[in-house]
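**Q** Sequence:
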Amino acid sequence: MNIQELIRSKVIEAAESMFDVQLTSVEFQPTRKDFEGDVTVVIFPMLRQIKGNPVQIGQKIGNYLVSELEEIDTFNVIKGFLNLTISDSYYINFFNSVKGLPNYGRKELVDDRAVLVEYSSPNTNKPLHLGHIRNNLLGYSVAEILKANGRKVYKTQIINDRGIHICKSMLAWSKYGNGETPENSKIKGDKLAGKYYVMFDQKYKEEVANLVEQGIEKQEAEKIAPILNEAQAMLLKWESGDQDTVALWKKMNSWVYKGFDATYEALGVNFDKLYYESDTYLLGKDVVAEGLEKGVFFKKEDGSVWIDLTDEGLDEKIVLRADGTAVYMTQDIGTAIQRVKDFPDIDGMVYTVGNEQDYHFKVLFLILKKLGFAWAQHLYHLSYGMVDLPQGKMKSREGTVVDADDLMVQMENTAAQISEELGKLDAYSEEDKRSLYRTIGLGALKYYILKVDPKKRILFNPEESVDFQGNTGPFIQYTYARIQSILRKSQLNDIDFNLEFSSSLRLDTKEKELLKLLETYPLVIEMSGENLSPALLANYTYDLVKEFNSFYQQVPILGETDKEIRIFRIQLAKTVGEIIKASFLLLGIEVPSRM
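To convert, note that position 236 of the sequence shown is 236 in the working numbering; the numbers rise steadily by one, no gaps.
Derived by calculation from the structure, the hints in this document are not laboratory data.
Fair warning: this is a prediction, and the values are worked out from it, not measured in the lab.
Please note that the accuracy of each hint is not assured.
To be verified - Derived CB-CB ranges, DEER-like: (1) Glu463 with Asn53: 53 to 59 angstroms; (2) Ser435 with Val66: 51 to 57 angstroms; (3) Leu487 with Gly423: 22 to 28 angstroms; (4) Leu422 with Asn53: 56 to 62 angstroms; (5) Val110 with Gln29: 24 to 30 angstroms; (6) Ser67 with Gln29: 19 to 25 angstroms; (7) Ile78 with Tyr328: 40 to 46 angstroms.
As the list claims (entries may be wrong) - Derived lysine-lysine pairs resembling DSSO-like cross-links, with alpha carbons at most 27 angstroms apart: (8) Lys175 with Lys155; (9) Lys191 with Lys203; (10) Lys581 with Lys152; (11) Lys152 with Lys285; (12) Lys455 with Lys155; (13) Lys362 with Lys341; (14) Lys369 with Lys152; (15) Lys341 with Lys155; (16) Lys33 with Lys512; (17) Lys186 with Lys203; (18) Lys455 with Lys512; (19) Lys203 with Lys188; (20) Lys516 with Lys574; (21) Lys250 with Lys191.
For each residue, glycine too, the CB sits at the ideal point set by N, CA and C.
Sequences and hints are given; from them, build the entire structure.
**A** Written as structure tokens, this is what we have:
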């Protein structure tokens, strides 16, 4: 039981004993820097149940806590804030209990119920780009954080491998490719497909312009452009199982899958199960038929099937066209049900998809609830904002996206340039330098994206992200490396590292601040999981690093003459390093032992 839980139980006890009131909750906040204390109990919310002057109420509760809890030394009340000073002995005992624990902050497997996290879900007509990077980093990190909260997790993606956009790449390659392959062109497979997707758009625009010059309205020209009609005809051939079309589709998709795998490996993300739209696009039609019988859906005069969600503040939504073909909603209904068949222990799903699909997922989740699936109560849309660049929005068709592979290389090169300017790596071999540049560059990219609340848009600035000062990945990595340097120089043996400390040891203010932060680590992991927000964990790690650097600058560590205090501070530094490494691992970021 941590200090807040101890205090909470005693505040509730005090309210019942002195005011004959059963408090439903107790609100805490960190004590303001200009007040004395470590933990603050906010009195104002209690005034709904306890009538009286907040200062007097705070005084009475404060006296009760000091008399009942040896962990509390003193208290003061400022307006409606009860500021409590926690004893040094409490934090020493806490430190003795957690130092060296390999899984501190993580929970054991809670139960056998699993959650499926979907992320990435690219199209096979283009390589992954900066937007996909945010999606992948969020989905992967949320999956790891949920595991740390004791949940069984399955990571998945659905690959959009069919449709008119795929046929556009296929058609352009068949018309203009001259047998070009990843092998003979030395172009990565997903980039090769993307090259022909851009080429299709260029040819299409040329044809539209020619038709407009002939006097045809632009809107009409966009519909009748020959190359578009060819792509639509190719899609019909694919749907009918035309042997040559399917063979071309398989060949080009195989190039793309190999390219995706290389990008995922470089980015450090993985999946437990892959789904393909070519396998799932017919799913859901039987469910719609069943829902129609149960009255969940209704049929319009033209034969199309809809659901009426106006009572829930939404619209009517089509789930089956008049000709019996499925829409995306139908597929998503069927795919969700199929996933539960594939993994019967699933009790919830997290969809990592941009915020332009907010409405779609509101409708999807409502439909699945109305169809009576119990697990539909635990569906979440991890909605995130777009990633913008200083020069504006990315456009795949025009080839103005920031390619994921290129960006990772750029980040590595930026890290190399800044590191060389700082002159910290003179003793490194070229191979060690390059490995470190990759670690720093990728860490900078990941941290820059994950430290932002998922719901917010990001303006991505590569140079800013690799700064070795401020709220950046490299700053945190550098602090970790500094701690490892301290440990190497300390020359402590296992006995020293396992030494337990007397509760009578007096703490410096800087030591206490670090211990207070270390105690909140399990709560931060829990809150990050509840909110599906790696940003909470990322920014906690930055706060911990800032506090450690303040401690490092103001308190002697290796230079301390008292042996017990010196060993305590070295152990404290070691534990901070372990938490930095563990929290960064949940974010998918590596930390170097030397920088």
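**Q** All hints, please: hold or fail.
**A** So, going through the hints one by one against the coordinates:
1. Glu463 with Asn53: 53 to 59 angstroms: holds, 55 angstroms
2. Ser435 with Val66: 51 to 57 angstroms: holds, 55 angstroms
3. Leu487 with Gly423: 22 to 28 angstroms: Given a distance of about 24 angstroms, which is inside 22 to 28 angstroms, the answer is holds.
4. Leu422 with Asn53: 56 to 62 angstroms: holds, 57 angstroms
5. Val110 with Gln29: 24 to 30 angstroms: For Gln29 against Val110, whose Cβ atoms are near 28 angstroms apart, the range 24 to 30 angstroms holds.
6. Ser67 with Gln29: 19 to 25 angstroms: At 24 angstroms between Cβs, range holds.
7. Ile78 with Tyr328: 40 to 46 angstroms: Between Ile78 and Tyr328, where Cβ atoms are some 56 angstroms apart, the hint is violated.
8. Lys175 with Lys155: violated, 38 angstroms
9. Lys191 with Lys203: Holds. Lys191 to Lys203 sits at ~18 angstroms (cutoff 27 angstroms).
10. Lys581 with Lys152: holds, 22 angstroms
11. Lys152 with Lys285: violated, 30 angstroms
12. Lys455 with Lys155: Cα-Cα ~21 angstroms, so holds.
13. Lys362 with Lys341: Judged against 27 angstroms, a Cα distance of about 22 angstroms means the pair holds.
14. Lys369 with Lys152: Holds, at roughly 23 angstroms.
15. Lys341 with Lys155: holds, 16 angstroms
16. Lys33 with Lys512: Status holds; Cα separation ~14 angstroms.
17. Lys186 with Lys203: Cα-Cα ~24 angstroms, so holds.
18. Lys455 with Lys512: violated, 34 angstroms
19. Lys203 with Lys188: Between Lys203 and Lys188 the Cα gap is close to 23 angstroms, so the pair holds against 27 angstroms.
20. Lys516 with Lys574: holds, 16 angstroms
21. Lys250 with Lys191: Judged against 27 angstroms, a Cα distance of about 16 angstroms means the pair holds.
In this structure, the hints that do not hold are numbers 7, 8, 11, 18, in rising order.
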